[in-house]
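S.K.: Now for the letters of each chain:
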Amino acid sequence: MTYEIVVLTNMAIAVLFALSLNVITGFCGQVSLGHAAFLGIGAYTSAMLSKAGVPMVITFIPAMGTAALIGLIVGVASLRVRHDFLAITTMGVVFLFTGIVRKQELLGGEIGIAGIPAPDFGRIGLLVTSLLCVLAYLLFTIWIRRSWTGFAFDSISEDEDTATLLGINVPKFKLFAFIVGTSGAGLAGALYAHQVRFIGPDSFGFVESISVLAMVIVGGIGSIWGVILSAAFLSALPQFFQVIDDYKLLVYGLLLFGAMRFAPDGIDGLLRKVSRWRAVK
Amino acid sequence: MTTKRLQIKNVSVKFGGLSALQDVSFEIDDNQLLGFIGPNGAGKTTLMRVIMGMITPLSGSVFLDGKNITGLRSVQRIHAGVALGQQIVKPLRKMSLLDNVALASGGAKLLSPLRALMVRERSEEREVAQELLIQVGLGDHVQKLPNELPLGFLKRLEVARALALNPLLLLLDEPLAGLSKPEAEQMADLIASLPRKGLSVILIEHNLLQVQRVCPTLYVQSNGRALAFGDTNKVIAEPEVRRAYLGVDA
Ligand SMILES: Nc1ncnc2c1ncn2[C@@H]1O[C@H](COP(=O)(O)OP(=O)(O)O)[C@@H](O)[C@H]1O
Ligand SMILES: [Mg+2]
Numbered sequence: 000m001t002y003e004i005v006v007l008t009n010m011a012i013a014v015l016f017a018l019s020l021n022v023i024t025g026f027c028g029q030v031s032l033g034h035a036a037f038l039g040i041g042a043y044t045s046a047m048l049s050k051a052g053v054p055m056v057i058t059f060i061p062a063m064g065t066a067a068l069i070g071l072i073v074g075v076a077s078l079r080v081r082h083d084f085l086a087i088t089t090m091g092v093v094f095l096f097t098g099i100v101r102k103q104e105l106l107g108g109e110i111g112i113a114g115i116p117a118p119d120f121g122r123i124g125l126l127v128t129s130l131l132c133v134l135a136y137l138l139f140t141i142w143i144r145r146s147w148t149g150f151a152f153d154s155i156s157e158d159e160d161t162a163t164l165l166g167i168n169v170p171k172f173k174l175f176a177f178i179v180g181t182s183g184a185g186l187a188g189a190l191y192a193h194q195v196r197f198i199g200p201d202s203f204g205f206v207e208s209i210s211v212l213a214m215v216i217v218g219g220i221g222s223i224w225g226v227i228l229s230a231a232f233l234s235a236l237p238q239f240f241q242v243i244d245d246y247k248l249l250v251y252g253l254l255l256f257g258a259m260r261f262a263p264d265g266i267d268g269l270l271r272k273v274s275r276w277r278a279v280k
Numbered sequence: 000m001t002t003k004r005l006q007i008k009n010v011s012v013k014f015g016g017l018s019a020l021q022d023v024s025f026e027i028d029d030n031q032l033l034g035f036i037g038p039n040g041a042g043k044t045t046l047m048r049v050i051m052g053m054i055t056p057l058s059g060s061v062f063l064d065g066k067n068i069t070g071l072r073s074v075q076r077i078h079a080g081v082a083l084g085q086q087i088v089k090p091l092r093k094m095s096l097l098d099n100v101a102l103a104s105g106g107a108k109l110l111s112p113l114r115a116l117m118v119r120e121r122s123e124e125r126e127v128a129q130e131l132l133i134q135v136g137l138g139d140h141v142q143k144l145p146n147e148l149p150l151g152f153l154k155r156l157e158v159a160r161a162l163a164l165n166p167l168l169l170l171l172d173e174p175l176a177g178l179s180k181p182e183a184e185q186m187a188d189l190i191a192s193l194p195r196k197g198l199s200v201i202l203i204e205h206n207l208l209q210v211q212r213v214c215p216t217l218y219v220q221s222n223g224r225a226l227a228f229g230d231t232n233k234v235i236a237e238p239e240v241r242r243a244y245l246g247v248d249a
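First to last, the protein sequences are chains A and B. Residues 0 to 280 (numbering that gives the first Met the number 0) are what the first sequence spells out, left to right. Residues 0 to 249 (numbering that gives the first Met the number 0) are what the second sequence spells out, left to right.
Don't read these hints as lab results, they were simulated from the structure.
When the alpha-carbon atoms are kept at most 25 Å apart in a straight line, the in silico SDA-like pairs for lysine to any residue are as follows:
1) K171/A to R114/B
2) K272/A to E147/B
3) K102/A to M90/A
4) K143/B to R271/A
5) K272/A to K143/B
6) K171/A to A107/B
7) K171/A to T55/B
8) K93/B to F139/A
9) K247/A to P237/A
For reference, chain A alone in the conformation it holds in the complex (with noise of 0.2 Å):
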């Protein structure tokens, strides 16, 4: 049973990580390669709290507020550049987000932080725990969805310059994308430091980066279900099979280039496709 509760949970954390890529990368077309970096902001910022005695759902603020705080910056940076140079900008941030942690004594410097303290509920309380907040997150985003903010969104996805020729302050919005993606990252890692209760400068790296992409992209840009499904998925597979785990990289890169070479509207638009088909039958 406590294998089944952690299996669940990790993928809980794995959603609610991808759906806030996806409001980065889906939403408002903005590709990021260093996500993974505010799971870690978010994560280091919880341990450290949870260790000093803050209770564990009190650290989530603080964890969201940091990740937010840098993502704000990374997003003032990256306003003037575009598509490719995004993709490197935004890799940067990881390299640099594990670069600093390792060099730091107060972080845990290469060792990471071990000790974090197992929430009082338990596991079963904490997947619970992480299931609300996916629930939260997932509300959330399809209010912002189904809103003007999600409508100028649309355009900005598609081509920036007309959107801002229809009168869309372009930058806020994205900078808004950004802000509500990495606080969402930011919860994810604290849920995540309390689940795993060791955390490293490694666990949030490149391929973790390469990872929640490949969910998002797999997923069908932008589609809430799709990403879900995908992040579900692609989350258990390697709890399940050691080799998938071993060869991360290198499989969820060939899945990122699979899907936007054969899928490029992922799941969501093969499942679109086929029940047009059917239909059409």
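On the provided structure of chain A, position chain B with the ligands as indicated by the hints.
M.R.: Quick look at chain B with the ligands alone, frame taken from chain A:
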């Protein structure tokens, strides 16, 4: 002296070594329709982009209703009342024509994501959009995606979308190009009907026949320089204009 709707003062633009605009100045009143002609490469589109704030000029300034807008970003100029229908159509291809236009009529919501987050209702904007699309002759296609329609229709979408911004000054860059003769005539009539108190229009057009028919005032540019400005028939009769634009010797 009444304030002018738009004043362009001594605008110059260079692309590398190429002078796209050289010391260009002109002005237009409220409730006016100004025709703007010039051979290919004359710098017409460039001037529109300067007015929109999409290109920063080397020197010179732009005034809207007497206010210097030279330092404003594009999005601020749009909310100050300038709108552009581009020569190269830029529809948002993943949304219907209706939503393309509805989005543009979203107004102040589009300036702040937080304000936009509070609103989900689109019906008012869609109604406005529907009317505008009918006005430009796309009433039968409001639910279609841009890719389902020919270029001539997308040109009209461009006009409807610019109108949805509810501008004081509407810039139209070759909106008749790609339209059949009757369509062009219809569109020209529509454009001619637009100017009113609170809306002036600048119409860039190669279709001289239509320009002559609907624009009382004409501005001519050639090689980045202002060539003539004034009453359309007089301007067209000027030997300089005939030489530069029509390629006829006077
Ligand atoms: N972004 C640009 N970079 C370099 N040259 C440009 C650019 N835009 C326009 N030009 C050049 O400036 C001149 C004026 O172009 P344009 O304003 O498009 O003319 P028009 O609209 O009157 O046909 C042309 O020679 C064109 O090649
Ligand atoms: Mg042009």
